[in-house]
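Chains as they are written, first to last, in numbering that gives the first Met the number 0: chain A, 0 to 490; chain B, 0 to 265; chain C, 0 to 311.
Don't take each hint at face value.
Stated by the list, open to error - Here are the simulated lysine-lysine pairs, DSS-like style, with alpha carbons at most 27 Å apart:
#1 Lys42(C) x Lys338(A)
#2 Lys378(A) x Lys42(C)
#3 Lys338(A) x Lys72(C)
#4 Lys70(C) x Lys338(A)
#5 Lys296(C) x Lys338(A)
#6 Lys324(A) x Lys296(C)
#7 Lys257(B) x Lys436(A)
These are calculated hints, taken from the structure and not from any lab test.
Chain residues, written in single-letter form:
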Amino acid sequence: MGAVEKSRKDVLPAGSWDYASSLEGRDIVSFEERYGLFIGGEQVSPRSRSWFTTVSPSTEEPLAEVAQAGAKDVALAVGAAQEAFAPWSSWRPAERAKVLFRIARILQERARELAVAESLDGGKPIKESRDVDLPLAAAHFFYYAGWADKLEYAFPGRRPRPIGVAAQIVPWNFPLLMLAWKIAPALACGNTVVLKPAETTPLTALLFADVCRQAEVPPGVVNIVTGDGSTGAHLVRSEGIGKVAFTGSTEVGKAIQRELAGRDISLTLELGGKAANIVFEDCALDQAVEGIVNGIYFNQGHVCCAGSRLLVQESIHDQLVRKLKRRMSTLRVGDPLDKNTDVGAINSKAQLDRITELVQAGTDEGAELYQPPCRLPEKGWWFAPTVFTNVAQSHRIAQEEIFGPVLSVLTFRTPDEAVEKANNTMYGLSAGIWTEKGSRILWMADRLRAGVVWGNTFNRFDPASPFGGYKESGFGREGGRHGLEAYLRFE
Amino acid sequence: MTGRRLAVRKTYKLFIGGAFPRSESGRTLELEGYNVARASRKDAREAVVAARKAFGGWSAATAYNRGQVLYRLAETMETRAGAFAAACTGRREVARAIDRVVWYAGWADKLAQVLGSANPVAGPYFNFTIPEPTGVVAIVAPTEPALDGLVARLAPAVVGGNAVVVLASDDHPLAAIELAEAVATSDVPGGVVNVLTGLRSELAPVLAAHMDVNAIDVTGADGDVAALEVLAAENVKRVVRAREDRSPWEIASFMELKTVWHPIGR
Amino acid sequence: MSQTLALPRALELPGGGRLPRLGAVDAVALEARAGELAKRSIKRESKVFALELAIRMMDLTTLEGADTPGKVKAMSAKAMHPDPGDPSVPSVAAVCVYPSLVSVARRALRGSGVKVASVATAFPSGQAPLDVKLADVRAAVDAGADEIDMVIDRGAFLSGRVGHVYEEVVAVKEACGDAHLKVILETGELGTYDAVRKASLVAIAGGADFIKTSTGKVSPAATLPVTLCMLEVIRDVHDETGLAIGMKPAGGIRTAKQAIQYLCVLHETLGPDWLTPDLFRFGASSLLNDVLLQLRKQRTGIYRSPDEFTID
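Bound conformation, chain A alone (with noise of 0.2 Å):
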């Protein structure tokens, strides 16, 4: 028979078998005090005179004290950006390259300084930081270079041209990486930049500010102004921008939609989404609970095209579900600087509420809700991995983005109810399909209203894929060939 008579002297001692709090040093990144406005290549104090403290959302430790900008400050950056705006959009594209070239190498060589500010400031685990933000920010970069003086062949029979100064504003979930989504694609096509990071995760935009001196960006090429929706509000109200890059959320982003109406100011949204991972009976079953994990409790679900919707079909959902608890529960939630750190922070108390009230109203509407058994430390802002069992399509947590680590699952028994269900949202940002057959994975792709869609995998990118969204998730695309659009105006 198969079943092992087990020795008892082999039972594990209680607590024989336990992860180490693997902890990164945090003793690579020094942090100032305090962080003045970037502008013209050199840091100044804010003329409003205002400052704040940004603090590690796994600690509730001050971090340090940054600027918050005021109409004045953003007025001085665009100009700043302006004034630089001539000299490098003369500059020949391939010396534009070799500038882009050396802050890819340099976010290489600091990678791990910027990722442990990253996880201190944001609240991910080291882990994400060290093995996703860095390397992509990095790659951004690099693949970005590589285009600087390329345009020609990016589009045929048209001629490329910088638009002149971009207004960028990113989000607090991808902080530095955002940064580079924005700040690679613009620089190379010859524009400069006024970009503002999220309230909450100022640091890394502004270690970046020193790596670019160290790689001299010329003064002015990159101005980064720090502070809270009022600073945003400023810089795409300003005179001097020729264009908006916004990442955040998509009440925001129809906001500045509405402010740019009738300023012929070229805009880009790249907003929030709720996409639909849809499992298929015949998947590799193993790897899509992996791939639904990964999908709604990465970067402790703060990420727009998180999966938060999972469809399974209905002849596999029971078994799937039982699978899925069980990986659940060794998931590790805690100090983001551990190696060991599967789910970290939340990033600020606003949204931990935002996500507690939602979750609340899962419940009340009569969705069934699991949460592993999770020790949370005592400081800080902390959620648990949660799945929703029993929740239909009506219900708010299958309808709102919640932007937390809340996975809502529901069931459907054939592909094209499968479409129906993944589609019936405003948003249109990602979506997900698991299946062992290769046509169905096209098909549905060919009827999904997203603007990424993975199969057999997910939350996967690449500087060389285009990402963005349908519908309300926001329009236009960063990555790819395509990626260079937007700071391009053709004659």
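Position chains B and C against the provided structure of chain A, taking the given hints into account.
Only chains B and C this time, still in chain A's reference frame:
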């Protein structure tokens, strides 16, 4: 006793499979003040074997990786600019060659986007075309300019994933070996670039006729090119010539195109 | 209508019970998951436990044409007392030898608790008539082997004669008598993880107590992804039927660091119940000394030299 210091002179050898062997024939030619190895047909054969062996790994590397490796080659060339300048017409040529390597490095992860396509066929099929490297490429390097002329043919061949066997300029071979040294210290896997110095009139026909070479670049061939083309026909080699100074289509001439179909259905 | 590969209807589990679905394995995701698990770092105290466990899980192996009684006696001494300088270091689980050397091993190990495992069934190729393979098994069992490591007929498997593979496992299991049976799949020859999954299910259906990756004579031998794939099959079998099947990666595991990675994969897939030599073994030879070296380093805090440990 005067304090005269003698220079330690370099021995210029071949570059095959990542190593620097002498010619198996033991022959040399005195050129540019040095005894330069004079490669034999057997050396050429070994170079092709090394290239074929390296091709699998290099073509399977990600495009991003190839781009980074070539950029690193440019970094290495930059630090050796002085040695290069002494082996060619000077600093301006070196700067051009380095910038050319950077230019081509940036193409690695963009080729498929410019050379490839998704094709709208009239039926429920997903159809796409992608460029793939042809394999082992022989390059007859231009006599002049000794460095940039070689780089102008080498970079487009290698960036797409091919492995190459280069026949250096007859009269000015030192630049090619300096380049080989830069290649050897730049994370380029051994065998991806192989450099043979010697007489091209002796070596070019060997490579043109070699049944395991997939393409031959005759841009720099100043002998009987027609004769090389006849030999090349034996295994339907792709015969390549430069058409532009720099272009993604210079890369394309060393690539094949593969078109794939797959049904779209429930 | 989804099409999955079907196992022959004759296959059933020992004692009845339904086999889990065959399904498919996505290679890219499997390898990525194994890679993630390899990055886990365990606590220092757990490390000592893990290293000692790795020793207790080892099947110390010699399977060479040149094996002699002298070689086997020396290896058996090492198996019983891996570190003569430190009697607290436990013995290994078993020694693994060819049938002709089983009696030598048995005499050398008498009274020690270390088991004698023997390869059989025309190891390593398995290319022999069934009656020869069964005679091979009986010879080993008669000479006193506690455990038999058989090879499946890969030729039959790869040409689609899965029922034949199943029947051979059943026959060998019978010939084993009380000896416990490990079935070697030779994963390096099977080509895909889908095939590994299928072969694992067939072996378990035939009565395997353990499924084992490799003979060690073919490369690639054991890898983290293939081990994860096989552990997932074991998990599915346990979920469906309650049967607890063991697993043995063999070949290519040379460092303590790797051994710990395998234990992490095991722990995260099957949980603490499987962290026992009764359900997991390492097929290795040079691994032992690296584990001893790391163990002494953990205890003393100083990096050691390989010279400090006996070769056999």
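Status of the hints after comparison with the structure:
no.: 1; hint: Lys42(C) x Lys338(A); in the structure: holds (12 Å)
no.: 2; hint: Lys378(A) x Lys42(C); in the structure: holds (23 Å)
no.: 3; hint: Lys338(A) x Lys72(C); in the structure: violated (44 Å)
no.: 4; hint: Lys70(C) x Lys338(A); in the structure: violated (44 Å)
no.: 5; hint: Lys296(C) x Lys338(A); in the structure: holds (23 Å)
no.: 6; hint: Lys324(A) x Lys296(C); in the structure: violated (39 Å)
no.: 7; hint: Lys257(B) x Lys436(A); in the structure: holds (22 Å)
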